[in-house]
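**Student:** The lines below spell out each chain.
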Amino acid sequence: MALIECRHLTRTYKRGAEAITPLQDLDLDIEAGAFVALMGPSGSGKTTLLNLLAGIDRPTAGTLSVAGSPVHTLARGELARWRSTHVGYIFQLYNLIPVLTAYENVELPLLLQPMSRSERHARVAAALEAVSISDRHAHYPRQLSGGQEQRVAIARAIVTEPSILLADEPTGDLDRATATSMMELLARLNAEQGRTIVMVTHDPRTTEWADTVLHLEKGKLVEQAVGGAA
Amino acid sequence: MRTLPFEYAVRNLGRSPARLTLSVGGSMLVVLLVLTAAGFTRGMEQAMRVSGSPDAIMLIGSGSEESIERSEIAMRTSGVVAASVPGLLSRAGMDAVSPEIHLALPLSTGRDDQGRLAVIRGIERAAWLVHDEAKVEYGRAPTAGRSELIAGRLAARSLGFEPPRSMIGTTFQLDGEPYEVVGIMSAGGGVIEGEFWTALTDLQITAQRDSLSTVTLRTDGADLVDLQSFAATRLDLELAAVAETDYYAQLAAFYRPVRLLVIVTAVLIALGGVAGGLNTMYAAFASRVREIGSLQTFGFSRGAIVWSLMQESILASSLGALLACGIGLAVLDQFVIRFSMGVFGISIDAGVLALGLAAGFGLGVIGAAVPVWRCLRKPIPEALRAGE
Numbered sequence: 014m015a016l017i018e019c020r021h022l023t024r025t026y027k028r029g030a031e032a033i034t035p036l037q038d039l040d041l042d043i044e045a046g047a048f049v050a051l052m053g054p055s056g057s058g059k060t061t062l063l064n065l066l067a068g069i070d071r072p073t074a075g076t077l078s079v080a081g082s083p084v085h086t087l088a089r090g091e092l093a094r095w096r097s098t099h100v101g102y103i104f105q106l107y108n109l110i111p112v113l114t115a116y117e118n119v120e121l122p123l124l125l126q127p128m129s130r131s132e133r134h135a136r137v138a139a140a141l142e143a144v145s146i147s148d149r150h151a152h153y154p155r156q157l158s159g160g161q162e163q164r165v166a167i168a169r170a171i172v173t174e175p176s177i178l179l180a181d182e183p184t185g186d187l188d189r190a191t192a193t194s195m196m197e198l199l200a201r202l203n204a205e206q207g208r209t210i211v212m213v214t215h216d217p218r219t220t221e222w223a224d225t226v227l228h229l230e231k232g233k234l235v236e237q238a239v240g241g242a243a
Numbered sequence: 455m456r457t458l459p460f461e462y463a464v465r466n467l468g469r470s471p472a473r474l475t476l477s478v479g480g481s482m483l484v485v486l487l488v489l490t491a492a493g494f495t496r497g498m499e500q501a502m503r504v505s506g507s508p509d510a511i512m513l514i515g516s517g518s519e520e521s522i523e524r525s526e527i528a529m530r531t532s533g534v535v536a537a538s539v540p541g542l543l544s545r546a547g548m549d550a551v552s553p554e555i556h557l558a559l560p561l562s563t564g565r566d567d568q569g570r571l572a573v574i575r576g577i578e579r580a581a582w583l584v585h586d587e588a589k590v591e592y593g594r595a596p597t598a599g600r601s602e603l604i605a606g607r608l609a610a611r612s613l614g615f616e617p618p619r620s621m622i623g624t625t626f627q628l629d630g631e632p633y634e635v636v637g638i639m640s641a642g643g644g645v646i647e648g649e650f651w652t653a654l655t656d657l658q659i660t661a662q663r664d665s666l667s668t669v670t671l672r673t674d675g676a677d678l679v680d681l682q683s684f685a686a687t688r689l690d691l692e693l694a695a696v697a698e699t700d701y702y703a704q705l706a707a708f709y710r711p712v713r714l715l716v717i718v719t720a721v722l723i724a725l726g727g728v729a730g731g732l733n734t735m736y737a738a739f740a741s742r743v744r745e746i747g748s749l750q751t752f753g754f755s756r757g758a759i760v761w762s763l764m765q766e767s768i769l770a771s772s773l774g775a776l777l778a779c780g781i782g783l784a785v786l787d788q789f790v791i792r793f794s795m796g797v798f799g800i801s802i803d804a805g806v807l808a809l810g811l812a813a814g815f816g817l818g819v820i821g822a823a824v825p826v827w828r829c830l831r832k833p834i835p836e837a838l839r840a841g842e
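Residue numbers (the working numbering), protein chains in the order written: chain A, 14 to 243; chain B, 455 to 842.
Please keep in mind that the hints were generated in silico from the structure rather than gathered at the bench.
Be aware that one or more of the hints could be misleading.
[Stated by the list, open to error] A few chain A residues that face chain B, going by a derived Cβ cut-off under 8 Å, partial list only:
hint, residue
1, I33
2, N64
3, A67
4, D70
5, L113
6, L121
[Said to hold, decoys possible] No more than 25 Å apart at the CA atoms, straight line, and that leaves these computed lysine to any residue pairs for SDA-like:
hint, chain 1, residue 1, chain 2, residue 2
7, B, K832, A, A45
8, B, K832, A, A151
9, A, K233, A, T114
10, A, K27, B, E523
11, B, K832, A, A143
12, A, K231, B, P833
13, A, K231, A, R71
14, B, K832, A, T25
Every residue gets a Cβ at the ideal spot worked out from N, C-alpha and C, and that includes glycine.
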């Protein structure tokens with residue numbers, strides 16, 4: 014059984030009298046431990062798919078199962094709890110909380126888990142170590158470079174040991190060298206820790222680290238390729 | 455429900471010092487207004503409530519039951535009532551029957567001074583027996599024939615004498631006559647503290663008055679019905695008998711619309727303050743919509759986020775409320791308000807302070823509720839795109 018199973022997944026938005034369907038009747042399986050890159054032009058539905066996988070949006074039709082949980086059936090509160098344990102999300106603009114230090118930013122998702130302070134401390138320290146940013150743990154986001162901020166954001170995404178790691182153009186705001194180092198970090202997390210990663214990207218260069226590249230157009234899956242072939 | 459750390463709310467306050475200043479300052483002003491309105495009504499109520507004794511009865515001019523200053527009764531009334539009504543209090547041979555004149559006259563310090571209106575009560579020695587709540591605090595009581603005054607504590611403060619005893623030795627012009635203040639009296643916070651007392655005969659001469667305003671007496675066996683019977687049988691004196699406590703209760707009722715007006719004005723201005731607060735908090739939260747979307751993405755419930763934003767708003771407004779309470783205690787408490795009945799002090803007591811703090815808390819809750827709702831109603835994907 015695949016870690017992620019989408020069946021006839023459809024998302025329609027209503028804008029006035031007009032109905033927009035960025036994702037239509039999508040069938041997709043993603044195995045545990047995969048590193049998937051989602052590509053496609055603007056409006057192709059890749060971010061909509063990522064939002065549905067993250068449980069921050071709901072399908073209009075179809076089913077979505079992640080790690081055995083029927084995500085499409087969960088109520089708002091259940092969905093929030095599910096997200097806190099199953100999803101790690103990496104944003105393009107990092108979305109660190111400016112009033113919290115790097116350490117506190119990484120610790121934030123753990124506050125939703127029943128966990129002692131010492132256990133939390135060990136998990137945060139390990140996550141910061143995994144992304145090589147331990148020495149900046151007491152810094153506030155404004156004191157960090159873009160690459161350092163994204164490292165902290167990745168540490169925050171992995172600290173809960175989620176079932177899936179979702180990244181929305183994680184290198185979109187970084188220079189080339191930093192983007193390369195970030196992709197190497199994600200690839201290492203995928204290879205060494207077996208993290209399942211689904212990444213939305215516009216940059217064909219970043220697909221070389223993915224083992225699967227999915228092309229979406231007008232809400233439909235039009236091509237599935239092996240990483241690096243895009 | 456797993457909540458966001460309290461530090462998050464505290465540190466968010468420091469994000470924009472200008473906005474924090476506006477929030478705290480706005481709340482402080484609104485709470486200060488609430489304290490002023492509540493302290494005003496409380497002070498007036500207290501002055502009325504502690505004024506008058508249950509066994510004191512006032513004989514005033516028939517038809518002038520609502521205003522002692524308009525009342526005129528014959529000079530001989532006190533002698534007649536003392537001789538006619540049994541059961542009046544008597545101490546050391548003195549009947550507790552106090553003939554009095556109540557006048558509102560301008561007190562000035564010199565020719566160039568227009569003077570300020572003050573309630574002057576002309577009394578005899580029996581007044582101290584009838585109004586036993588009145589005590590000489592400093593100096594002495596006025597002596598007849600020497601044009602002397604004793605000032606109530608609030609009356610002295612209303613003319614700028616702080617501490618009140620600093621007024622002793624001051625000479626005022628009263629209808630062109632020099633009067634010297636020889637003492638300061640207290641009266642448990644009652645209206646007497648807002649008055650000046652002088653000898654009855656001196657005031658009669660100065661004001662060229664040959665009638666009394668009231669004869670107030672203390673009973674010791676007699677009751678209101680006895681005095682009402684006396685007034686009914688002595689039609690030549692044109693008297694009405696009123697219990698002193700009822701007189702002040704009527705006076706309090708007369709001023710109820712004023713208190714209501716003060717409260718309504720305060721509420722309306724406070725609502726304006728709330729509208730301003732809503733605007734400030736909305737601006738504060740609206741700039742963080744993406745952050746709020748991120749917190750929801752991590753799994754924080756709407757309830758947890760609402761609570762954290764509420765904490766932030768309540769902290770700011772409570773800080774303003776605490777500052778307002780400090781200012782209220784330091785500046786407003788016992789601030790003297792002049793009124794036609796005399797003066798009273800704004801009373802910032804524990805109840806008024808509690809009301810001010812509750813208002814600050816309420817401001818925090820109401821000020822955050824609408825902005826929080828507006829920020830959280832956006833779907834998470836839309837919130838995450840905010841500011842792009």
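**Student:** Look at each hint and say if it fits the structure.
**Tutor:** Hint check:
Interface hint at I33(A): violated, since its Cβ lies 13 Å from the closest Cβ of chain B, which is beyond the 8 Å cut-off. Nearest Cβ of chain B to the Cβ of N64(A): about 5 Å, under the 8 Å cut. The hint holds. Contact between A67(A) and chain B, as hinted, is supported at the beta carbon level, the nearest pair being about 7 Å apart and thus within 8 Å. Below 8 Å, beta-carbon pairs count as interface contacts, and D70(A) has one with chain B at about 5 Å; its hint therefore holds.
Given hint, L113(A) at the interface with chain B, holds; its Cβ is 7 Å from that chain's nearest Cβ, closer than 8 Å. Hint status for L121(A) relative to chain B: holds, with the closest Cβ pair at about 6 Å, below 8 Å. A C-alpha spacing of about 32 Å is found between K832(B) and A45(A), which places the hinted pair above 25 Å, so the restraint is violated. Among the hinted pairs, K832(B) with A151(A) is inconsistent with the structure: their alpha-carbon atoms are about 33 Å apart, more than 25 Å.
A hinted pair counts as satisfied when its Cα atoms are at most 25 Å apart, and K233(A) with T114(A) does not qualify at roughly 41 Å. Between K27(A) and E523(B) the alpha-carbon distance is near 76 Å, which puts this suggested pair outside the 25 Å criterion. About 34 Å separates the Cα atoms of K832(B) and A143(A), which puts this hinted pair outside 25 Å; it is violated. Proximity of K231(A) to P833(B) is assessed by CA-CA distance (about 22 Å); at most 25 Å being required, the pair is judged to hold.
For the hint pairing K231(A) with R71(A), the CA-to-CA distance comes to about 18 Å; that is within 25 Å, so the pair holds. Among the hinted pairs, K832(B) with T25(A) is consistent with the structure: their alpha-carbon atoms are about 17 Å apart, no more than 25 Å.
The earlier numbered hints that this structure contradicts are 1, 7, 8, 9, 10 and 11.
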